[in-house]
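Asks: Using the hints, position chain Z against chain D.
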Amino acid sequence: MTTTKPQIKIVNTTTGEEIVRDANPEEIAQIELDATNAAAKQAEATAKAAQRRAILDHLKITEEEARILLGGN
Amino acid sequence: MATGRIGVTPTLGVRWSKAPTGGTTALSGLDDSSVSLVYSVGYEQVYRNGVLLSRGNDYTATTGTTITLIDATITGDIIEVFAQQLVPLADAISKGQFTAKGTLLSATAASTPGVLGVGANGTVLTAASGQATGLEWATPSSGGMTLISTTSASASAAINLTSIPQTYNELYVYIRNCKPANDGGELRLRLNNDTGTSYQHLYWGNETSTAQTFTGTSLQLMEGNDNSVATGFTWLRLPDYTNATTWKTTTSVAVTVDATTTTSFRSRFNVGVYNQITAISQLNFFMSSGNITSGDFLLYGVK
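One line per chain: the protein sequences are D and Z, in this order.
FYI, in numbering that gives the first Met the number 0 the residues of the first sequence are 0 to 72.
FYI, in numbering that gives the first Met the number 0 the residues of the second sequence are 0 to 302.
I should point out that these hints are in silico values taken from the structure, not numbers from a laboratory.
Just so it is clear, CB atoms sit at the ideal spot from N, CA and C, and this is done for glycine as well.
Just so you know, not all the hints are guaranteed correct.
Sample of chain D residues lacking proximity to chain Z, with all beta carbon distances greater than 10 Å (derived) [what the hints assert, rightly or not]:
1. E43
2. Q50
3. L68
Label-pair restraints from in silico Cβ distances [to be verified]:
4. A46(D) with K302(Z): 41 to 49 Å
5. P164(Z) with Q41(D): 34 to 42 Å
6. N274(Z) with P24(D): 41 to 49 Å
7. T259(Z) with N11(D): 36 to 44 Å
So that you can see chain D by itself, here it is in the shape it has in the complex (with noise of 0.2 Å):
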């Protein structure tokens, strides 16, 4: 049967024991939990990109032309 949990790998750097089981219920809400951040990450960053081009573009000018009038690399 294959499984679809989460798989987590494990290694005891001291012995070189190395198992690998499926994630427990407690990880399995922590992945959840960072992919949701992630995903909450990606969308700000996805509406601060899009916020800058509303501006650049309510401008008329590039995004070089605007990093050229900031002083930014």
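Replies: For chain Z alone, kept in the frame of chain D given last:
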């Protein structure tokens, strides 16, 4: 040539042979083979043309370096001296000086032997001018990096390196060929599997003069990485990870394959901070979302 055994009076054998000019009575110095005439008085044998001479009747030998013939040589005579030079017992090495297993003899000054006992297991012998014998046993300095473990990801939701030995000064992790299952996935790190808001990171260019708070629940090591090309590389440094009195810092440098244009790259120089004081015994790697499809995680300890 010195001969003899430990515990038995040793001797030094000398064969001195010369064809002196006619009329010679005093024999000394170098022979025809550049061997010096040295003997212990009473232990020499003097031959003239193969005939053993009589001590006191045919020659005198009292100095240890000169032999005086009663009858002077004539041209063509061959004088040979077989000398046994005794080495004083006080100058010999005694087996009694080896008082225990591993005992070494070493001079405490010129012609002055001293004894150095064996050191502790694993120690090495080093020069030490302040010590009587000029030597001492010392713990070898072991610099360099020791590979502690190598772990390959394979559709892994997380790579947890646990029970990290607490015997190093710092840790390095090399992460080779790591790629996410989800395009744009970012490799992240937690310490001691701590999922709290204990982290914050600054990356190159994000200079700030305002106080920062700990708001992150992990440290971002990579920028978003392509999920098909795995030529990226990240290294991570975690100094003084065993101390249990300070917050911890990490530095990492990553180059990743751009998720949109795989011939382009993204890089990240990251300074991570962690607001717990416990020693670090676990490193927990995971992607911002989805699995780590592949990648090798090489953990090194540095002394």
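Asks: If any of the earlier hints don't hold here, list their numbers in rising order.
Replies: Result: hint 6 breaks, nothing else.
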